[in-house]
Structures are given as structure tokens and as C-alpha cells.
Amino acid sequence: MKKSMKNTIRFGMITTVAILGSFVFMNKVHATDRGNIEQSNIEEVLSSMVREQQVKKRVVLENGYYEVQGINNSNFNGYELLVDNAENNTDKILAVLIPKRVRKGSESGFGYFYEGRSVKKGSSMMLAPINITSNGNLNIDSEMDTRSPVLLVSKGSMGKFNYEFVIQGKNGALDGALLGLVRRGDKKKHPKLRATSKKGYFASGSHKNGPELVVVGTELSIYKNGSSEKTYEMIQLNGDDMFSALVVSEFDTMAEYDVSYEGVNKIAMFFDTYSGKEESVIIATPTHDVGRYRMTAYDSGTLSWIKKLFINLFD
Amino acid sequence: MKNIFILIVLLMSAKTFSMDGLSLSSGLGEGEEITAQQESLIFDVKMESDLEGVGTQGSGLEDLEQTILDSYSAKDMIRYALDNRLDYSLGDRIKFLDSKAQEIVKISDNQEDEKFLRISLNRTREMARLTLGIMGKAHQESVRFIANFYKEGFEMAYSVVNDNTFLSDRDMDLFMKEGTNVTSAEFGRMMALRMWNYSSGLQADASKAVFLVKLVQYLGADLAGDLRVREPAIAKSLADVIAIKKGRVYKNVLVNLQRNKIPSNEDLASLRKEIWRLIRNMNQRF
Chain A
1136 MKKSMKNTIR FGMITTVAIL GSFVFMNKVH ATDRGNIEQS NIEEVLSSMV REQQVKKRVV
1196 LENGYYEVQG INNSNFNGYE LLVDNAENNT DKILAVLIPK RVRKGSESGF GYFYEGRSVK
1256 KGSSMMLAPI NITSNGNLNI DSEMDTRSPV LLVSKGSMGK FNYEFVIQGK NGALDGALLG
1316 LVRRGDKKKH PKLRATSKKG YFASGSHKNG PELVVVGTEL SIYKNGSSEK TYEMIQLNGD
1376 DMFSALVVSE FDTMAEYDVS YEGVNKIAMF FDTYSGKEES VIIATPTHDV GRYRMTAYDS
1436 GTLSWIKKLF INLFD
Chain B
52 MKNIFILIVL LMSAKTFSMD GLSLSSGLGE GEEITAQQES LIFDVKMESD LEGVGTQGSG
112 LEDLEQTILD SYSAKDMIRY ALDNRLDYSL GDRIKFLDSK AQEIVKISDN QEDEKFLRIS
172 LNRTREMARL TLGIMGKAHQ ESVRFIANFY KEGFEMAYSV VNDNTFLSDR DMDLFMKEGT
232 NVTSAEFGRM MALRMWNYSS GLQADASKAV FLVKLVQYLG ADLAGDLRVR EPAIAKSLAD
292 VIAIKKGRVY KNVLVNLQRN KIPSNEDLAS LRKEIWRLIR NMNQRF
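Chains as they are written, first to last, in this note's numbering: chain A, 1136 to 1450; chain B, 52 to 337.
Because the hints were derived from the structure by calculation, they are not lab data. Treat the hints with care, as some may be off.
What the hints assert, rightly or not - Footprint (simulated), chain A over chain B, 3 or more residues, beta carbon under 8 Å: (1) 132-141; (2) 190-196; (3) 199-208; (4) 250-263; (5) 321-332.
What the hints assert, rightly or not - In silico negatives: residues of chain B with every beta carbon more than 12 Å from chain A: (6) E116; (7) D164; (8) G298; (9) V306; (10) N307; (11) E317; (12) R336.
All residues carry an ideal CB built from backbone N, CA and C; glycine is no exception.
Generate the whole structure from the sequences, applying the supplied hints.
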């Protein structure tokens, strides 16, 4: 009896040791299967988020005209984006988002002025609204507000939306529109933007209704109902001669010279129409919305309607 | 013969009178032609003799020289400069306002109640000198921008003249109600907001960086110079300024500017964000 008890206890002990041993063995095999812990450089880990943003395609918006096509918002169909260099910094651009009908002088409408700069290590370009402040200076809204309504431009080919560039409205810009950009091919049709009239003299209006806008040198006068409403001095805003600021100017009759004030009131932008045969100017008046301007185009109107018809047919 | 002699004497005396400038019209009325050179000479002689009398009289203006110099206060001179600035084109306006700023600071001398007036004008001049040459190729816009900066600098200088020199003569309650009493910290906040507004625009990044760096430096000096610097609102803001100045971003921007280099976009954006937070917090505390 005692012997059988001893055998039973011995068997139990052997079994327990075997089971425990198998556990140890199993654990050991399991650990070996998973491999050694990999050590990463902490700096590399921390900078990985930055590296992920580095995209091979660097966004470069070349100077010229781009047609805007709405992807999720058809309100911006028929808009154009006019792009030019900012001379002060090579990595910056100036851009104007304007309805095509306004640029052609068919009607007044609302458009936007932007300064563009590379962000996200060059994978995107941020178009930040240009404002006219209450003290008469221009400022870049993204530099004053952390939630500025900006546009982000990135390379196209976003799945089904195959455009050269795609614009995303951020922080409520353009009601969050997603827009495609298509560069217009024929450069001859792209009017070159200018800060002042190329001839130094410009007049718009009609014999019937009187003058609407007259430019002599750097002085610009806007007429209402045929009589002079206000005169401005044009000040070039960028070295590349793209558009100018209008500051109020008054003629001091006693001193016999013009007096200009320091604050900016409006923006003016000259360009050729009808393949360089005519000249137009857009006068942009700021609104209460950030970067949004009421734009009116004035043309010199020297072409006959037959010539315009022909040019329009082939435009 | 006698008649001829009398006639010659009369003619000579008539010419002498006309050359003296006493009767220009009578000289010309006799049909004599006068050259432009003679006319100029006569005019100069006449003006010189007229002006001589002013300065040489016994009770002349030299006795009143100091009275005349003291007749205009610094605030009067600011008003005068702002009014007369429109006689100049934007470029010449900067030179005019700059020279007036020097004169006004000199007139203000060491008057305690005009301390912030002098600081405003001196800082305006300093910022114009530091940035005008590095604002980029849009020179017309740079000139307009700085002309506007000068104009607002003068307006600010005018508004920060304190009334505390009259404290002893005035009812304290009335003074607190009507008098101007800008403290160093409050002036620093006003200056920081002004610099902040001018740190954005179409000008080059280098000049924007100068505005941001100087904003921090000026604000630090103004907060530290306030008698109530140990009060929590001012002390915390001063601590924020010191933290920015000790930070990597500020040092990077400053070193680049000192080496005549354009600071990186990232550093400039980060510094702007730090200053934006500083101003936001300061506005909440004050």
C-alpha cells in the first residue's frame, strides 16, 4: 500500500515536472519565434511624420491662366486663376481668382486676391487671401489668423479627378470647394497682367454715357454719371508689375499739385484683351469678407463690333 | 548851353532814382528798357534792405529767439508735421517726417510726460532705417508702406503724451477720469500691436522678420520698464517675452538677420505663431 502510494506520488511529481518543463520549453520556443526587439533611432521615429509629407511631386504653379472646374461645387465653374511671380521672394506667387465673365468685361462680380507660398515641404502650395486693412495696408491673412480661409493647391491625379492641379478650400474658404485647374494651352491668348496702362493713357466709356474711367500716367480717375467721382494714384505692388494699389489723390489748387494719401483703397490690374488689340483694367474694391473683392472691368473699346465678333469666334 | 546842362542833370538824377529801386514803375514808365539781370539786382537790393531792418532793430527778434523756439510744443509740432506732410510726394514725405521727428525729439528734450512720444518717434525712425532697404523690389509699395508707418508713428506719439505733470494742480478724480496716463506696459502693448500689424504684407520676408524681432525686443524693454512689473499680468507677459527670446526659433531668426541672411520659412512661421500667442495672452491679461 505504502509502495503504491509512493509510486503514485512519484508519478505525480514526474508528471508535474514534465508539464512545467513543457511550459518552459513552449515559452522558450515561442520567444525565439518572435525574434529580437528592434531598436530604432528615436530621432528617426520623431522625424518620420515629417518625412511622410515629403512628396516627390513638388507643386509649382507656373505663370499663366488656369481654368477652374468645380469638382464638388459648380458655383466656381467659369472662374479663372491668373498667376504671376512675386518678385520679392522667388518661392512666392500672386494669384487672382476671377469669374471669366468679369475679366471679359461683361459684368461686375466677386473675385479674390491671393499670395501663394510652398507649404508641407513643397507638396502643396497655400494661397492666402490678401486683405486691405483698416489702416490702409495690405496684409496676408494667414499671417494674422491661425484659421485663415486659405486654398491648398496640390498636384492633380486624385483618383477619378484627373487635373493638373487640385484646389481645396480650407477653413471655410470658397465654402470648402474642391476645384480642378486646367492650364490654358495657347499662351498668346493669355493677357499679360500689368500695374499700369502700357500706353500711359487709357479711357473707358462712351460718347452717350460719358467717361467711366480715365488713366493719365499714374493717375486714375473714376467717373460716375459722367462727372469725376474720385481720383487715385497708382502704386505698383510688386516688382513684376502685375497689379497696383490705388491711394486717394486730390489736386491741391493752391499749391497746384496732386496730394496723395498713404492708405490703399482699391487694387487695379491692367491686361490686354482681344489678342492684344484692346486694353482692359479691373478695379477691385474690398468687401467685408476676407480676401474678397468686388471687381469691375473697364475696356478701352477701340475695336468695332465686327472685329470683336471675329476675334471671339476664334478665341 | 545852360539849358542843356540842366537837362543832363535832370536825366542823371532820374536814372539814379530808378536804380535805387525807390520808384521802379516810374523808371519803366519813361520808356526805358530794363534787362532781367538789372531787375533781379534791383529786387535783391530792395529785399536785402527790407530784411536788414528786421534783424537790426534794438528790440529785435534775437531777444525773442528762445521764446519763439519754446512757443511750439512737441504736440504742436506733430500736428504741424502731419498737416504739412501732404505737401510732399510719398518719398519726400518720409524725409520730411524723419527730419521733423528729430526736431520734435529735440524740442521734447527730457520732459517726463513726453517720454513715450520720444520713444514712439525714435522707434519709427529706427524701423524705417532698418527695413526700407530690404523690403524687396516693389519700391513704390515700400515707400508707401513706410510713409504710412511714419504717419501712424506720429499719430501714436501724439496720443501717448501723459498729463501727469499737472497732477499737483488737478483734482485726482477728474484726472483719473479725463487725463491720459499711459504706463510703460500699456505703451508696450500698443507698440506691439502696431508692429504686429506692420509685420504682414507683400514685402520681403527679411523685413517682416525685422519687425517681429524688434517687436519682441521693444515689448521686453517696455514691460521690464513698468513700475508694476511684479504684478502678475505684466510679470507673466514679461516671462513670455523672455521665453521667446531664449527659444531656438527667435535665435535662429536673429542670427540669420545679423548675418544678412533671409530666415527660413519654417522659423519665420514659428516665430510669428509664438508672438501671436504672446499678444493674444497679453490682451487677455491687460
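Structure-based check of all given hints:
1. 132-141: holds (count 4)
2. 190-196: The restraint on the region 190-196 of chain B holds, since 5 of its residues have a Cβ under 8 Å from chain A and three suffice.
3. 199-208: holds (count 3)
4. 250-263: The restraint on the region 250-263 of chain B holds, since 8 of its residues have a Cβ under 8 Å from chain A and three suffice.
5. 321-332: holds (count 3)
6. E116: holds (30 Å)
7. D164: Check passes; 27 Å lies beyond 12 Å.
8. G298: holds (18 Å)
9. V306: Answer for V306/B: holds, closest chain A Cβ roughly 20 Å.
10. N307: holds (15 Å)
11. E317: Violated, because the least Cβ-Cβ distance between E317/B and chain A comes to about 10 Å, which does not exceed 12 Å.
12. R336: holds (20 Å)
When the structure is compared with the earlier hints, a violation turns up for hint 11 alone.
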